[in-house]
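One letter stands for each residue in the lines below.
2 protein chains.
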Amino acid sequence: MTHPTTITAEPGLPFVDIVREFDAPAAAVFRAHTDPQLFVQWMGPRSNPMHSVELDAAPGGRWKYAFRGDGDMEFAFYGVYHSVEPSALLIQTFEFNLAPGQVGVSSTRFDEVEGHTRLAVHEVYPSLEARDAAVASGMEHGIREGYERLDELLPS
Amino acid sequence: MTHPTTITAEPGLPFVDIVREFDAPAAAVFRAHTDPQLFVQWMGPRSNPMHSVELDAAPGGRWKYAFRGDGDMEFAFYGVYHSVEPSALLIQTFEFNLAPGQVGVSSTRFDEVEGHTRLAVHEVYPSLEARDAAVASGMEHGIREGYERLDELLPS
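Sequences listed follow chains A and B, in order. Residue numbers for the first sequence follow the numbering used here, so the first one is 2 and each next one is one higher. Residue numbers for the second sequence follow the numbering used here, so the first one is 2 and each next one is one higher.
Fair warning: there could be bad hints in the mix.
You can't tell identical chains apart in this list, so a pair holds if it fits in one copy or across any two.
Unchecked claim - Restricting the straight-line Cα-Cα distance to at most 20 Å, the calculated cross-link-like pairs of lysine to any residue (SDA-like) are:
no.: 1; residue 1: K65; residue 2: Y82
no.: 2; residue 1: K65; residue 2: V114
no.: 3; residue 1: K65; residue 2: G147
no.: 4; residue 1: K65; residue 2: S84
no.: 5; residue 1: K65; residue 2: E11
no.: 6; residue 1: K65; residue 2: P26
no.: 7; residue 1: K65; residue 2: T6
no.: 8; residue 1: K65; residue 2: R119
no.: 9; residue 1: K65; residue 2: E96
no.: 10; residue 1: K65; residue 2: P46
no.: 11; residue 1: K65; residue 2: D112
no.: 12; residue 1: K65; residue 2: G13
no.: 13; residue 1: K65; residue 2: H4
no.: 14; residue 1: K65; residue 2: D24
no.: 15; residue 1: K65; residue 2: H52
no.: 16; residue 1: K65; residue 2: P156
no.: 17; residue 1: K65; residue 2: A25
no.: 18; residue 1: K65; residue 2: M2
no.: 19; residue 1: K65; residue 2: G45
None of these hints come from the bench; they were simulated from the model.
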């Protein structure tokens, strides 16, 4: 079964909050976020498969993934892991190659209740303008469709 | 001459903004921020000298400095550099050992005009609560006195 994805971007605050439930244990949802061979299969919209991914999910480790755009255009997301608690928490910085010098921090919590997992992502942008630009870019579609792809990938 | 330090923590936003002028070129102010042997001489209040410092000021490099408190207490600040543009810009994450799992990002700009430098620091905390707790801790005194110590250290 697929659950709704709640995305909140309150006016006047530089945050994006995402909440989503999955019918799988936290260990499986966490693994899908940190194992590149799983991550590449679900993150992003169906229409544009990820073309490269590296995830060194340890404190101080780097992560990067990228999609191709028109022509030679590339959309790359990257950052550094700061906290990694297996099946429980990821805190990592995030940057986007088309917005240089804008460093955000996301915290992703994995809470398991009776075999189901509640995922809660808290993204902090460096300014209100950076947050608003990210939302205006159409990030919501990729997030929702990505989680639908993740539902299909998870053990049921 | 010593200039005033402007510290702004607007209610309802997770930011702290600091602006300070120095009667020295940007290269000298930048060096005082990235050379551990200079940094240890000015950062923090006069009453509590820094007892350890490591600054690997390169993208992906780590930084850490610490003060002693009562008994075995230590106050340690640490993080990872994300952008380093000599004499111009530092973007780095910051964490505090007494607030684990709270990762912030600071951007420090060094703008030189006619041999003087305008320093502008933009700190982004992961939540309003984390920002308010940092302000309530009395950070302002250490910042203002630190910059007075930096005035004394800079070439005039």
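Now for the hints, and whether the structure bears them out:
no. : hint       : result
1   : K65 / Y82  : both (11 Å within a copy, 17 Å between copies)
2   : K65 / V114 : neither (30 Å within a copy, 38 Å between copies)
3   : K65 / G147 : within (17 Å within a copy, 37 Å between copies)
4   : K65 / S84  : both (16 Å within a copy, 16 Å between copies)
5   : K65 / E11  : neither (28 Å within a copy, 34 Å between copies)
6   : K65 / P26  : neither (25 Å within a copy, 37 Å between copies)
7   : K65 / T6   : neither (24 Å within a copy, 38 Å between copies)
8   : K65 / R119 : neither (25 Å within a copy, 34 Å between copies)
9   : K65 / E96  : within (9 Å within a copy, 22 Å between copies)
10  : K65 / P46  : within (17 Å within a copy, 39 Å between copies)
11  : K65 / D112 : neither (25 Å within a copy, 31 Å between copies)
12  : K65 / G13  : neither (29 Å within a copy, 32 Å between copies)
13  : K65 / H4   : neither (27 Å within a copy, 43 Å between copies)
14  : K65 / D24  : neither (27 Å within a copy, 41 Å between copies)
15  : K65 / H52  : within (11 Å within a copy, 36 Å between copies)
16  : K65 / P156 : neither (26 Å within a copy, 42 Å between copies)
17  : K65 / A25  : neither (26 Å within a copy, 39 Å between copies)
18  : K65 / M2   : neither (30 Å within a copy, 47 Å between copies)
19  : K65 / G45  : within (14 Å within a copy, 36 Å between copies)
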